[in-house]
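Undergrad: We have chain A; now place chain B onto it with these hints.
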Amino acid sequence: MIGPIISSGIVSPAWDNIFAVLLGMGFGFALESSGFSSSRKIIGTFFGYDFVVVKVFFTAAIVASMGLLYLSYFGLVDYSLLYIQPTFLTSAIVGGIIMGIGFSMGGFCPGTSLCAAAVGRIDGLVFFGGMFIGVFLFSESFSLFENMFYSGSQGAKMINEAFGISPELFTFFLVLAAVGMFFGAAWVQKKVKKVEY
Amino acid sequence: MKKIKNDGSFYLNPYLGGVILGTVLLLSFYISGRGLGASGAVKNTVAATVNVIAPQHVEKSAYYSQFAGGDKEPMSNWLVYEVLGVLAGAFISGIVFNRLKLKVEHSPKITSRRRLLFALAGGLVFGFGAQLARGCTSGAALSGMAVLSFGGYITMVAIFGTAFVVAWILRKNWI
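Those protein sequences? They're chains A and B, same order as listed.
Plus 58 on top of the position in the first sequence (first one is 1) and you've got my numbering.
Plus 453 on top of the position in the second sequence (first one is 1) and you've got my numbering.
For reference, chain A alone in the conformation it holds in the complex (with noise of 0.2 angstroms):
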């Protein structure tokens, strides 16, 4: 069968919920059974006493656009009609720092304050309650962020492009990277003072 069974028209679209609630439960217990629904865990990346953000979130990077292209490559999936986020330079940018501020305020990101107020973590609730006030707020004032918004744009851009590499090359790098990641966590989380939570 080839990917994606719904897009091409395999499975019938009225699936697609279905395999969405499915997938959306394997993504819950993913991350809370690494422990994501602890903000104190999640925040440890930053001080260096935990590192189970980077670990885990380079991990399943690295499996997912690996195996995307071995399905690709094995032609089990029409890479074409896989939805990649376009590239809007300036929003990217922007909300990714607005977001940076959010996370280091709150200890969670959407996903994981969702896992934590699951398991009966009261912040983990009120974070995920902040966020419709953030993004009523946004709504809100789009028109003074319209700009911003639609600025930059690059369409579906992919970052093998940008370096001028193929894929296979660019997720090589990736893999190098990640690991060489997992082992300088490892080094400086011996270094670093335990920090009880």
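One should not assume that every hint holds.
What the hints assert, rightly or not - DSBU-like cross-link-like pairs, simulated, lysine-lysine; straight-line CA separation at most 35 angstroms:
#: 1; chain 1: A; residue 1: K248; chain 2: B; residue 2: K625
#: 2; chain 1: B; residue 1: K525; chain 2: A; residue 2: K251
#: 3; chain 1: A; residue 1: K248; chain 2: B; residue 2: K554
#: 4; chain 1: A; residue 1: K251; chain 2: B; residue 2: K556
#: 5; chain 1: B; residue 1: K625; chain 2: A; residue 2: K249
#: 6; chain 1: A; residue 1: K99; chain 2: B; residue 2: K562
#: 7; chain 1: B; residue 1: K556; chain 2: A; residue 2: K252
#: 8; chain 1: B; residue 1: K513; chain 2: A; residue 2: K251
#: 9; chain 1: B; residue 1: K625; chain 2: A; residue 2: K99
#: 10; chain 1: B; residue 1: K525; chain 2: A; residue 2: K252
#: 11; chain 1: A; residue 1: K249; chain 2: B; residue 2: K562
#: 12; chain 1: B; residue 1: K525; chain 2: A; residue 2: K99
#: 13; chain 1: A; residue 1: K215; chain 2: A; residue 2: K99
#: 14; chain 1: B; residue 1: K525; chain 2: A; residue 2: K249
#: 15; chain 1: A; residue 1: K99; chain 2: A; residue 2: K249
Since the hints were made in silico from the structure, they are not lab data.
TA: Same frame as chain A, but now just chain B:
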């Protein structure tokens, strides 16, 4: 799997957790042709709520009208179903690994009240930024990275780079 907490809760080995997460993400692209997300469901819920209270306002808004109003069904959306799954999956993991407990998690050096105020403000700021960047750590950064999206990588670097600096400014809240 090793026991790391004296209350009997367990965490998966982070690399095993990463492989599971990466496999789920891969399956998401293989099945639905898209990555995983979280903030999009909040956006659709806000748009749907405003649409119930003030439909004309939604029609006039250049932002809400992309997601709600007309014959759009913002609550019958892939991301909304997926996020309901996240809640269920995390809850199941909480049962399996013995972590279900109602509490406010915070550094012993700060009060619960301070922690909750920062959590609320952090959520607000994050939610705002996720709209500007068209997605959060899951939808823009992680899912973007899986398909080598340039914007996804840029957003990832911006989030983690900024968070690193701000975490040190706010370190009294955490360590």
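Undergrad: Hey, K625 (chain B) versus K249 (chain A), does the alpha-carbon distance stay inside 35 angstroms?
TA: 20 angstroms, holds
Undergrad: Need the status of pair K513 (chain B), K251 (chain A): alpha-carbon distance at most 35 angstroms?
TA: 55 angstroms, violated
Undergrad: Next pair to validate is K99 (chain A) with K249 (chain A); report whether the Cα-Cα distance is within 35 angstroms.
TA: Distance ~17 angstroms between K99 (chain A) and K249 (chain A) Cα, so the pair holds.
Undergrad: Has the given pair, K556 (chain B) with K252 (chain A), been kept, meaning a C-alpha gap of at most 35 angstroms?
TA: Distance ~23 angstroms between K556 (chain B) and K252 (chain A) Cα, so the pair holds.
Undergrad: For K525 (chain B) and K252 (chain A), compute the direct alpha-carbon distance and say whether it is at most 35 angstroms.
TA: This hinted pair is violated, its Cα atoms lying about 51 angstroms apart.
Undergrad: Quick one, are K525 (chain B) and K251 (chain A) close enough, alpha carbons at most 35 angstroms?
TA: With a Cα-Cα distance of about 53 angstroms, the restraint between K525 (chain B) and K251 (chain A) is violated, given a limit of 35 angstroms.
Undergrad: Check the hint pairing K99 (chain A) with K562 (chain B) against an upper bound of 35 angstroms on the C-alpha distance.
TA: Satisfied, since the Cα-Cα distance of roughly 16 angstroms is no more than 35 angstroms.
Undergrad: Hey, K248 (chain A) versus K554 (chain B), does the alpha-carbon distance stay inside 35 angstroms?
TA: 30 angstroms, holds
Undergrad: So if I understand the rule, the pair passes when the alpha-carbon distance is 35 angstroms or less; does K525 (chain B) with K249 (chain A) pass?
TA: Status violated; Cα separation ~54 angstroms.
Undergrad: Are the Cα positions of K251 (chain A) and K556 (chain B) separated by 35 angstroms at most?
TA: Satisfied, since the Cα-Cα distance of roughly 26 angstroms is no more than 35 angstroms.
Undergrad: For a C-alpha distance cap of 35 angstroms, please report whether K525 (chain B) and K99 (chain A) respect it.
TA: 39 angstroms, violated
Undergrad: Under the criterion that the straight-line Cα-Cα distance not exceed 35 angstroms, is the pair K248 (chain A), K625 (chain B) satisfied?
TA: 22 angstroms, holds
Checked against the numbered hints above, the structure breaks hints 2, 8, 10, 12, 14 and satisfies the rest.
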